[in-house]
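Given these sequences and hints, build the entire structure.
So the protein sequences, as listed, match chains A and B.
Using the numbering used here, the first residue of the first sequence is number 1, and each one after it goes up by one.
Using the numbering used here, the first residue of the second sequence is number 1, and each one after it goes up by one.
Don't read these hints as lab results, they were simulated from the structure.
For clarity, every value in this text was computed on a predicted model and none was experimentally measured.
Hints may contain errors.
Claimed, not checked - A few chain A residues that face chain B, going by a derived Cβ cut-off under 7 angstroms, partial list only:
(1) 167
(2) 215
(3) 218
Claimed, not checked - Over the 12 angstroms line for every Cβ pair with chain A, so calculated as not near, a few chain B residues:
(4) 7
(5) 20
(6) 27
(7) 40
(8) 57
(9) 116
(10) 143
(11) 176
(12) 189
(13) 211
Glycine included, each C-beta is placed from N, C-alpha and C at the ideal position.
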Amino acid sequence: MSEWLSPGFMQNALVGGLLVSFVCGLLSVFIVLRRMAFVGAGVAHSAFGGVALGFLLQVDPFWTGLFFSILVAFLIEGVQSRGRIEEDTAIGIFFAAAMALGVLFLHFSRTYNVDIFGVLFGNILAIGPTQLLQVGAVAVIVLAFILFFFKELVFISFDEEMAWVCGTPVKALRYLLLAVLALVIIVSIYLVGIVLVSALLVIPAAVARNLTHHIRSMILVSTGVAVGATLAGLELSYIIDLPSGATIVILLSLLFFGATLWGRRR
Amino acid sequence: MSNLAVRIIDLSVFHNRQPTLEDITLNIQAGSFVGVLGPNGAGKSTLLKVILGLIRPDKGEVYVFGEPPLRLRRNKHLIGYLPQRPLNNPHFPVTVLDVVLMGRYGLLGLGRRPSRRDKEIALNLLKQVGMASRAHRAIGDLSGGEQQRVFIARALSVEPKLLILDEPTISLDACAQDELYDLIRGLQEQMELTVIMVSHDIGAISEHVGDIVCLNRRIYLHQAPPIGRLGLEKTFGCSVEYLFHGQIPHRVVRIHDE
Numbered sequence: 001m002s003e004w005l006s007p008g009f010m011q012n013a014l015v016g017g018l019l020v021s022f023v024c025g026l027l028s029v030f031i032v033l034r035r036m037a038f039v040g041a042g043v044a045h046s047a048f049g050g051v052a053l054g055f056l057l058q059v060d061p062f063w064t065g066l067f068f069s070i071l072v073a074f075l076i077e078g079v080q081s082r083g084r085i086e087e088d089t090a091i092g093i094f095f096a097a098a099m100a101l102g103v104l105f106l107h108f109s110r111t112y113n114v115d116i117f118g119v120l121f122g123n124i125l126a127i128g129p130t131q132l133l134q135v136g137a138v139a140v141i142v143l144a145f146i147l148f149f150f151k152e153l154v155f156i157s158f159d160e161e162m163a164w165v166c167g168t169p170v171k172a173l174r175y176l177l178l179a180v181l182a183l184v185i186i187v188s189i190y191l192v193g194i195v196l197v198s199a200l201l202v203i204p205a206a207v208a209r210n211l212t213h214h215i216r217s218m219i220l221v222s223t224g225v226a227v228g229a230t231l232a233g234l235e236l237s238y239i240i241d242l243p244s245g246a247t248i249v250i251l252l253s254l255l256f257f258g259a260t261l262w263g264r265r266r
Numbered sequence: 001m002s003n004l005a006v007r008i009i010d011l012s013v014f015h016n017r018q019p020t021l022e023d024i025t026l027n028i029q030a031g032s033f034v035g036v037l038g039p040n041g042a043g044k045s046t047l048l049k050v051i052l053g054l055i056r057p058d059k060g061e062v063y064v065f066g067e068p069p070l071r072l073r074r075n076k077h078l079i080g081y082l083p084q085r086p087l088n089n090p091h092f093p094v095t096v097l098d099v100v101l102m103g104r105y106g107l108l109g110l111g112r113r114p115s116r117r118d119k120e121i122a123l124n125l126l127k128q129v130g131m132a133s134r135a136h137r138a139i140g141d142l143s144g145g146e147q148q149r150v151f152i153a154r155a156l157s158v159e160p161k162l163l164i165l166d167e168p169t170i171s172l173d174a175c176a177q178d179e180l181y182d183l184i185r186g187l188q189e190q191m192e193l194t195v196i197m198v199s200h201d202i203g204a205i206s207e208h209v210g211d212i213v214c215l216n217r218r219i220y221l222h223q224a225p226p227i228g229r230l231g232l233e234k235t236f237g238c239s240v241e242y243l244f245h246g247q248i249p250h251r252v253v254r255i256h257d258e
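Right under this line is the structure:
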């Protein structure tokens, strides 16, 4: 154990993975309770457009990716709230468009030395001090957001209309939650990549749901599951040389099947 | 005017260019118990949502205790509301007490947790609706009738002067229905509430409420006690058997001729 902790890049990977999985586990509860799994997947995929734009403009893809995913998340919300187009239709349209833009940006940037595979499937070992700082800042923001708005988040997840009638600023919270989701997605890309982000956003809370009956214990279990699977996945992938993002997702999936069987047996 | 709980002037609401409500003028006295009767699709829920501010009228004006609904909400003078299907997600992981406390959240404001006093208020309301012993159970574990009582307690936890109930008894058996009506009546008298209750159950509603408003998209109001068979038949568009369950003062509202 101490041996694989020693190289600096592995330490970065561990701290980064720990922070990312922690915020994913927290947010996951609201993603699952609010049935936003597809929104999460859609926003994650649209980040590809932004990341590719970063490559084209040769700026940190964190910022362009964040800009893109917030933009797409707000567009989905805006279109859907007008009531003409269903949310899943809006997601289907916008994330495909954003990804197509990403392909065009990559084409124009003509750089072949960027790590596209890492963007799509995660490359936690490439995490450096800048990325670690970004991850840390996002973790602080997300934790503050959830602590401050906890009761409102629970209420709008339970019943939005009723929350509005009782004086909760539902619309503002919906947009804030989407912005936070975009933040979490962008840093999760370092860990598991665009394609696998939704596993980290959905599975921890799905596992917790099978094992708990109250939202507070659900949050604890969800966070524990995300952090545990991530640390175990990183260790496993280091020991037997596997792609770390995919290993984490497989572990999470196994946990989900286990928890489902356990939940059913009880 | 000061003793009017709800004042609606010349209200119309359109959905896909079709009128859901048309030319409605209606006054509801503070402290009254009003039943809104009408067939499916008559716009009953829409009328309630306009009063709550959830739907903005395309034409006309709405005042609740002299204020437009949105200003009322901004000032934290909240309306107690029991929606038609209050539990969208039956496995949502919260307790009965959590659900009642949710009603306090808007009054508390952002960033503040419910205090001991909020919990006392919530528990007290649960006691009043006879659900105190269920406070720490998961909401989904309760029967339909018990859930309705919990959601009524939540509606009351906003400290409302006006309570709006949308088909409160729709999923209950006859016995539980009667109990619930008695409960609502008791709460209304005790807390001096104005209650607006929507139903399509003529028999039940005419036994329990004070005034009746018959609604079928367009309403012509005229005071006409006692209720006439003709008036109801026009509202429902079919013959109605139940009518003469006692002498209830009402306002009969006539169907709009197509």
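Now the hints, each set against the structure:
1. 167: Hint on residue 167(A): holds, closest Cβ of chain B at ~2 angstroms, below 7 angstroms.
2. 215: 5 angstroms, holds
3. 218: 5 angstroms, holds
4. 7: 20 angstroms, holds
5. 20: About 15 angstroms separates residue 20(B) from the closest Cβ of chain A, which puts it past 12 angstroms; holds.
6. 27: 22 angstroms, holds
7. 40: 20 angstroms, holds
8. 57: 17 angstroms, holds
9. 116: 15 angstroms, holds
10. 143: Nearest chain A Cβ is 18 angstroms from residue 143(B), so the label holds.
11. 176: Holds, because the least Cβ-Cβ distance between residue 176(B) and chain A comes to about 22 angstroms, which exceeds 12 angstroms.
12. 189: 24 angstroms, holds
13. 211: 24 angstroms, holds
The structure fails none of the hints (numbered hints given earlier).
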